[in-house]
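Generate the whole structure from the sequences, applying the supplied hints.
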Amino acid sequence: MSALTTSPLSRLRRKPVAKERIREPFRDRVFVVVVTIMLAVILGLVLLPLVYIVANSLSSASAVSAGRVTFWPVDFSLHAYEVALNNPQILRGYYNSLIYAVFGTLISVTLTVAIAYPLSRKNFFGRNVLMTGLIFTMLFSGGLIPTYMVIQDLGMLNTRWALLIPNAIGVWQVIIARTFFANSIPEDLHEAAMLDGASELRYLRSVVLPLSKPLLAVLALMYVIFQWNTYFDALVYLKDQDLFPLQIVLRNVLILNQRNVGAADVAQQLQQQQLANVLKYALIVVSSLPVLIIYPFVARHFTKGVLVGAVKG
Amino acid sequence: MAVTTRRPSPPVPSRRRRNAPARYWRSRWAEAQHSWRLYWQLYLLVIVPVAYFVIFKYIPISNAVIAFKDYNVVQGIWGSEWVGFKNFELFFSNPVFGTLLKNTFILAFYLVLASFPIPIVLAIALNEIRDGLFKRSVQLLTYAPYFISTVVAVSMTILILSPRLGIVNDALGLFGIPAVDFLGDPNYFRHIYVWSDVWQTTGYSAVIYMAALAGIDPALHEAAKIDGASRWQRIRNVDLPGIMPTAVIILVLGVGNMMAIGFEKAFLLQNDLNLAQSEIIATYVYKTGLVNADFSMATAVGLFNSVVNLCLLLFVNFAAKRITGKGLWG
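Residue numbers (the working numbering), protein chains in the order written: chain A, 1 to 313; chain B, 1001 to 1330.
By construction, these hints were calculated from the structure, which means they are not laboratory data. All C-beta atoms, glycine included, are put in the ideal place defined by N, C-alpha and C. Please note that a few of the clues may not be correct.
Pairwise CB distance ranges (calculated) [as the list claims (entries may be wrong)]: (1) A/P88 <-> B/T1324: 52 to 60 Å; (2) A/F297 <-> B/G1176: 42 to 50 Å; (3) B/H1191 <-> A/F76: 32 to 40 Å; (4) B/S1093 <-> A/P88: 17 to 25 Å.
Chain A is nowhere near these chain B residues, computed Cβ spacing over 10 Å in every case [claimed, not checked]: (5) Y1058; (6) G1079; (7) S1093; (8) S1115; (9) E1128; (10) D1131; (11) L1172; (12) I1177; (13) H1221; (14) G1242; (15) M1244; (16) A1276; (17) A1319; (18) I1323.
The following block contains the structure:
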């Protein structure tokens, strides 16, 4: 504004980069303050439950059982974590979940690339039919029981395969990968590779995949988090305790115990009950920690993945 | 070579009409052969994934015929006796049907309504403040609950709302309100389900709107500014119309997936006391099918759910196309 009111001469004389911020009108400054306060409130609402859980997990058993903990640990103690990490059931669950996450992700990423890459190629005959076929499975499914029957017929019930294979490929992930291949790998590279005598598979291995590291990271992340967090398949397909992933162990400890808080008179029982209370908080932290630790480092990639999928819609 | 491997052309129709379709299919066939010969490795790649989709997605759809049969293990899927719509009639006349449908619909509708506007508000608010530590940390931290598993999220909810030790009841106690057993009362179930879901997904959903906001032409904002529009006016007249197409797609997807509402969470939050409102179609299917082993009935109920869901999606997509000229598929 001020630039317009000054004379042309003075404008010439002035350094062009002079930092000159126009003050926003009063109502807009108020508006920004209101928005900032609102965001702070939202942030608080999101964080408080998390802080509450962590604070409880770091408190002594008696403080937790007396309900004395709010948002700061009372009688700081790591005892609950010690117990949680020494429990064979929980360690077993951890171990199993790790296996499912690692192998499930390997299988899933491989298969997703194997179908998404050809679908991204214009000269793949029948790509539209195939894509429609995939999307249809997103919209309509046979349902729980018919799928269960297939797993049963394949003899996968109560084996690790039941968690690794039946949900190996996500259609959404295929769409993300296909969009990436179609938009981010220049067509010229294909031509050049073909002129150099590369086969299609060689081209995929030596040119496309090395250029697709961000995509592979996004896919791997999505599948790892899916495998780590899911419990439904394990609930339906597994009977053997030794195969249970962490989430099922958690459910048994955290949720099914919820309602049998029997009246305990004996001091020892009381102590156990107190420990059980604080243990729940510690377990929540222990089980979510791996994902929450890697999350800030990968959030940006994750966001990108969400957006690639969203663009194609 | 090309000529010898060619298949005999399809039989000529007896009545001699224009054979344009035949010619069309023959040229398509030639195209396929050509593509196959040059890029056979691509077709090799898709064999395993396609087999996956056939086995784990399409065979279950064909297995769903047991909804129209009286399935028993001995006779198998195809050997069991056809009973027509008996299972559906039984389900529809079951007194539980009305409750299930009502519970599922209300819960799903409430969820869509509550979780639609909040991410938009968050995204616009974030868009209004300057880039900096505060903005980035709000973004990062509100996103975090999305990565917490359903089991853990439900456990947290139960612990926080617990009548004896939960902090919510502590807070109510300060105001002299007696402790409430939130999970034991069916009337609270929907609120707990929906708002814990909002807590988990708002930050995640906001990301998409943030991107849409970033895609709005800055010239529009400049022009509005010169015309003297306040921030609020710019939000209403530039930002909101700018993210409208995205919002429509998200809403369509939300309503379209309404009936596919999460089994996982409802099942975890469910207990004998709140069953009156927490029993939804998905949990009913699980119990009928896997706990009571009534395969045909459970499949019928599941199929009913899938069909309703598909119709809903198509209908909403159609409506969205009519109203805004934009649907899911262009």
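Comparing the hints with the structure gives:
The hinted window of 52 to 60 Å between A/P88 and B/T1324 holds, with their beta carbons roughly 57 Å apart. Taking 42 to 50 Å as the suggested C-beta distance range, the pair A/F297 and B/G1176 conforms, at roughly 47 Å. Here the CB-CB span from B/H1191 to A/F76 is close to 34 Å, well matched to the stated 32 to 40 Å. Take B/S1093 and A/P88: their Cβ atoms lie about 50 Å apart, and the range 17 to 25 Å is violated.
Its closest Cβ contact with chain A, about 7 Å, brings B/Y1058 to no more than 10 Å, contrary to its assignment away from the interface. For B/G1079, the non-interface assignment is confirmed: its Cβ lies about 14 Å from the closest Cβ of chain A, beyond the 10 Å cut-off. The beta carbon of B/S1093 is kept farther than 10 Å from every beta carbon of chain A, the shortest such distance being approximately 21 Å. No Cβ of chain A approaches the Cβ of B/S1115 within 10 Å, the least distance being about 14 Å, so the stated non-interface status holds.
Listed as a non-interface residue, B/E1128 fails to keep its Cβ farther than 10 Å from every Cβ of chain A; the least gap is roughly 5 Å. The non-interface label for B/D1131 is consistent with chain A: the shortest C-beta to C-beta separation is roughly 13 Å, beyond 10 Å. Here B/L1172 stays apart from chain A, with its beta-carbon at least about 13 Å from theirs, past the 10 Å limit. Chain A leaves B/I1177 outside its interface by the beta-carbon criterion, the shortest separation being 16 Å against a cut-off of 10 Å.
Distance to chain A confirms B/H1221 as a non-interface residue, since its nearest Cβ pair spans about 13 Å, more than 10 Å. The claim that B/G1242 is not at the interface with chain A holds, since no C-beta of that chain comes within 10 Å of its own (minimum 15 Å). Every beta carbon of chain A lies more than 10 Å from that of B/M1244, the smallest distance being close to 14 Å; the non-interface claim holds. Every C-beta of chain A lies more than 10 Å from that of B/A1276, the closest at about 17 Å, which supports listing it as non-interface.
Residue-level check passed: B/A1319 sits 17 Å from the nearest beta carbon of chain A, beyond 10 Å. With a cut of 10 Å on Cβ distances, B/I1323 stays outside the contact zone with chain A, its closest approach being about 17 Å.
In the structure shown, a violation is registered for the earlier hints numbered 4, 5 and 9, in ascending order.
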